[in-house]
Amino acid sequence: WRAYLIYLSGWGYWSGNARTLWSNAFGTIDAPYLPQRQHGAMRREARVLLALYAALALSLLVSPLALWLWALPALIGQPVLRLYLLAEHGHCPPVANMLENTRTTFTNRLVRWLAWNMPYHAEHHAFPQVPFHRLPDLHQHMRAHLKSVSNGYGEFTGAYLRGLDH
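The numbering of the sequence shown is this note's numbering, which starts it at 5 and goes up by one.
A couple of the hints might just be wrong.
Stated by the list, open to error - If you anchor each label on the Cβ, the simulated ranges turn out as follows: (1) Phe30 / Arg6: 16 to 26 Å; (2) Glu49 / Leu85: 37 to 47 Å; (3) Arg147 / Trp72: 17 to 27 Å; (4) Asp34 / Arg6: 22 to 32 Å; (5) Gly31 / Asn155: 43 to 53 Å; (6) Asp169 / Thr32: 37 to 47 Å; (7) Trp18 / Leu165: 17 to 27 Å; (8) Arg166 / Leu25: 36 to 46 Å.
No lab work stands behind these hints, which were simulated from the structure alone. It should be emphasised that the depicted structure is a prediction, and the values quoted were computed from it without experimental measurement. For every residue, glycine included, the Cβ atom is placed at its ideal position computed from N, Cα and C.
Using the sequences plus the hints, can you model the full thing?
Written as structure tokens, this is what we have:
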């Protein structure tokens with residue numbers, strides 16, 4: 005349960021990104037996909053981002069606006085976002101088949117609209133070139149082949165939490 009609560013806080017995500025940003029700015033760039041000639045540009049970008057974050061932090065001395073409009077909403081939203089993201093791959097088998105290692109979650113129209121149809125996540129991973137507005141159509145063709153599905157985020161979360169007890 006402890007690891008689950010830490011995951012929901014977003015601590016691993018934010019601390020990992022902070023370490024990567026600092027390393028890219030002043031240490032070793034660990035990006036094997038990036039040509040060596042681009043490392044200078046990545047280092048400059050990381051330093052610009054750090055300067056912007058420092059300016060944002062310093063702005064708190066003058067006004068709490070950054071706290072109320074950015075930091076606090078991010079902290080409050082993290083648990084909801086993490087619960088949503090966990091449903092996409094949580095408790096899916098670590099196999100190469102996108103129809104098994106990714107979950108489609110059946111949900112209401114509002115959630116599908118807000119998330120650009122990403123609850124059709126297995127379909128999105130299997131065919132990433134399909135635009136978001138066509139994912140429901142693709143789902144109709146693929147539904148019988150999906151291996152990991154949930155009837156809503158509540159059902160997934162309940163099953164996930166029951167799995168933590170074992």
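Consistency of the hints with the structure:
1. Phe30 / Arg6: 16 to 26 Å: At roughly 32 Å between Cβ atoms, Arg6 and Phe30 fall outside 16 to 26 Å, so the hint is violated.
2. Glu49 / Leu85: 37 to 47 Å: violated (24 Å)
3. Arg147 / Trp72: 17 to 27 Å: Violated, since Arg147 and Trp72 (Cβ atoms, about 43 Å apart) do not stay within the stated range.
4. Asp34 / Arg6: 22 to 32 Å: Given range 22 to 32 Å: holds, Cβ gap about 28 Å.
5. Gly31 / Asn155: 43 to 53 Å: About 46 Å separates the Cβ atoms of Gly31 and Asn155, which means 43 to 53 Å holds.
6. Asp169 / Thr32: 37 to 47 Å: holds (41 Å)
7. Trp18 / Leu165: 17 to 27 Å: Holds - the Cβ-Cβ distance for Trp18 and Leu165, about 23 Å, lies within 17 to 27 Å.
8. Arg166 / Leu25: 36 to 46 Å: holds (37 Å)
Comparing the model with each numbered hint stated earlier shows that hints 1, 2 and 3 do not hold.
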